[in-house]
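Chemist: The residues making up each chain are set out below.
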Amino acid sequence: MLEIQNLHAEIEGKPILKGLSLSLGAGEIHAIMGPNGAGKSTLGYVLGGRPGYEVTEGSVAFDGRDLLDMEPDERAAAGIFLGFQYPVEIPGVSNVQFLRTALNAQRRARGEAELSAGDFLRLARDQGDKLGVSMDMMKRPVNVGFSGGEKKRNEMVQMGIINPRLAVLDETDSGLDIDALRVVGDGINRIMRAPDKAVLLITHYQRLLEIVEPDHVHVLAGGRIVRSGGPELAVELERDGYANIAEEMAA
Amino acid sequence: MSLLELPSARDENWRWSDLSALPAILDRQPSGTVPEALPWIECTREGPRLLFVDGKLAAERSNLGTVEIGMVDADPADHALAKQIGREGWRLRLAQDHAPQGLVQIIHVSTGAADHLPAQIELDVDAQASVVETYVGEGWINRLAQIRLFKGARLMLSRRLLGAGGYVSITDRASVGEGASLTVTTLAAGGGDTRLDGRIVLAGLGAFAEAGGALLGRTKQRHDANLVIRHEQPSGMSRQVWRSVADQQATCSVAARVEVARGAQKTDGVQSLKGLLLARTASINAKPELEIFADDVKCAHGATVGELDRNALFYLASRGVPQPEAQALLTQAFVTDAIERIGEEAVREAFHANAVTWLGAA
Ligand SMILES: Nc1ncnc2c1ncn2[C@@H]1O[C@H](COP(=O)(O)OP(=O)(O)OP(=O)(O)O)[C@@H](O)[C@H]1O
Ligand SMILES: [Mg+2]
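Chains A and B are the protein sequences, given in the same order. Using the numbering used here, read the first sequence as starting at 1 and increasing by one per residue. Using the numbering used here, read the second sequence as starting at 1001 and increasing by one per residue.
Since the hints were derived computationally from the structure, they do not count as laboratory data. Honestly, I wouldn't trust all of these hints.
Listed next, the stretches of chain A that the computed footprint assigns to chain B, with coverage defined by at least 3 CB atoms under 8 Å from CB atoms of chain B [what the hints assert, rightly or not]: (1) 68–74; (2) 90–97; (3) 103–114; (4) 117–131.
To give an idea of the chain B side of the interface with chain A (calculated C-beta under 7 Å), a few residues [what the hints assert, rightly or not]: (5) 1037; (6) 1040; (7) 1311; (8) 1312; (9) 1314; (10) 1318; (11) 1319; (12) 1320; (13) 1321; (14) 1322; (15) 1333; (16) 1336.
Don't be surprised by glycine CBs; every beta carbon is placed ideally from N, CA and C.
One chain only, chain A, in its complex shape (with noise of 0.2 Å):
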């Protein structure tokens, strides 16, 4: 479903992605993991478009097409979805206006019909009484005066409405309580977890993973995938930390 091959990219003239290659196949989890610094936000960015982030080399094919090549929206309306490490707040634009010009300029782009104001709050209120978020939430400021949790949760929202084929979740799991970190991750498993659909799941803790639980974890590192292995190397860099990584990268 996602081809990477070779990807290197740069900020501002700052490389940070050197040589990065992963491989997703459909109906799969793959977890991220790696220290801070390394890159992983940059491949979220770098896989929605974000501008300031410029890909030097390599190629990033989406069911077979050019992901490189399409415009942020266009991705979307591809069926990608990036949910954000600090999601951010837009001041006079509740999260409903928000979500409904979103859905129907995806559902416009895909030659689909729009759906109708009526349609479209029950299947917001229907997404957010799942994920704990209230109808007044929803009638809310996107992300104004939401809590670090709150914002996470209201990702979650976002991708339950939005229903992408390949979800690319930076750190989601940040800043939840215990119970918010179950409720997410079963809205994950709940969303996500299909035979044509597949997840892209950065995080740096074990604890998401034994919700949502993983095919393969891959430790990125420097730019690059360094380390690739099945849920086992998740627990094992938990309980040892990148040392070792770090160990094998100057070998």
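The hints should help you fit chain B with the ligands onto chain A, whose structure is shown.
Modeler: Just chain B with the ligands now, kept in the frame of chain A:
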């Protein structure tokens, strides 16, 4: 041949305006062609409807109700544009405790030339009125409004400038009595240039005045608002909330002043002048001024000019919203503060819709 004497650009109050197109418009002949469909606002409480075409009442398409046509008592000799205006115009005078009436709607259509028309609004003790004026067309529409609110009276005056081109100049002279309330909201969402002048005097104890709006400009449009709110008595409250949006080579300017006279203690004034630049080639001027001669007052003022938040733009894009739509949505959110002040829902929504149309027409 026109006899228009224009102020020089060296005049501090006029330095952001460009009046150079006006003399030519003065010499033009109106086409007289009025559009079939006019932007009347559908509302639950219908009131008087007046249509002025090139400054003359189109009686067959109007319903005067409580509004009269007659001599207006105003002396605009000190204003370069308003002094062109004669004495006959429309008047809304409501007597003490006048029963509430429906929305007063006035549409001014210019068919290409210049027209000048004064207005007088006088609300006696505790009377209330809500007036919406809509400006459409291509020429120069020049207006003067003399407003007087007696004790406890309330006036909500909302104006929208939707003309495809040309020039609209509006000069307000208002006096607000004890406990009375005046709210003037202006939306410039057309294709022409604008000059707004207002001088509001809070002449009674505990009077309230609000003068604000949204100025939207693109191409080489110029919008220029020049407002003074003067607190003469204690415990008055005033609000000046302006949102300017400038794209391409447009210039939006707001100069807003609060004057607090000696003895006008417990004055509470707020000025919020914000500008949004949609292109580096556009300009926004914001000049908040305070002149305070009392010691126990609370006046907050802020002026900021910025661009659209890149993070918000990418966030919207990542959710599938194309760039132009994302820009329009964020810009709409930016001007909301200024339009939200309008009390009646039907009017507020009509103004919102006009702003959205303007933003979507890029
Ligand atoms: N605008 C920028 N200009 C210069 N360097 C940047 C910029 N944004 C990010 N970087 C750098 O890129 C590197 C990778 O950052 P990134 O956010 O991808 O790391 P990360 O792996 O997500 O870290 P964390 O675990 O802390 O979230 C860091 O060294 C960071 O300082
Ligand atoms: Mg990160």
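Chemist: Within the stretch 90–97 of chain A, is the number of residues with a Cβ closer than 8 Å to a Cβ of chain B three or more?
Modeler: holds (count 5)
Chemist: Mind checking the CB of residue 1037 (chain B) against every CB in chain A and telling me if the closest is under 7 Å?
Modeler: violated (26 Å)
Chemist: Do three or more residues from the stretch 68–74 of chain A put their C-beta atoms closer than 8 Å to C-beta atoms of chain B?
Modeler: As far as the stretch 68–74 of chain A goes, the hint holds, because 3 residues have Cβ atoms under 8 Å from chain B.
Chemist: Three or more residues of the stretch 117–131 of chain A near chain B by CB distance under 8 Å?
Modeler: Since three or more residues must qualify, the claim that chain B covers the stretch 117–131 of chain A is violated, with 0 doing so at under 8 Å.
Chemist: Answer holds if the nearest beta-carbon of chain A is closer than 7 Å to that of residue 1321 (chain B); otherwise answer violated.
Modeler: holds (5 Å)
Chemist: Hint validation: residue 1322 (chain B) versus chain A, beta carbon distance must be below 7 Å. Holds or violated?
Modeler: With a minimum Cβ separation of about 5 Å from chain A (threshold 7 Å), the hint on residue 1322 (chain B) holds.
Chemist: Does the interface hint hold: is residue 1336 (chain B) within less than 7 Å of chain A, judged Cβ to Cβ?
Modeler: holds (5 Å)
Chemist: Test coverage of the stretch 103–114 of chain A by chain B using CB-CB distances below 8 Å; three residues minimum.
Modeler: holds (count 4)
Chemist: Closer than 7 Å between Cβ atoms is the bar; does residue 1320 (chain B) clear it against chain A? Give me holds or violated.
Modeler: Residue 1320 (chain B) check passes; min Cβ-Cβ to chain A is 4 Å, inside 7 Å.
Chemist: Was the hint right that residue 1314 (chain B) lines chain A, CB cutoff 7 Å?
Modeler: holds (5 Å)
Chemist: Residue 1318 (chain B) was flagged as interface toward chain A. Is the shortest Cβ-Cβ separation under 7 Å?
Modeler: Hint on residue 1318 (chain B): holds, closest Cβ of chain A at ~5 Å, below 7 Å.
Chemist: Given residue 1333 (chain B) as an interface hint, is its Cβ closer than 7 Å to any Cβ of chain A?
Modeler: Hint on residue 1333 (chain B): holds, closest Cβ of chain A at ~3 Å, below 7 Å.
The structure fails hints 4, 5, 6 (numbered hints given earlier, in ascending order).
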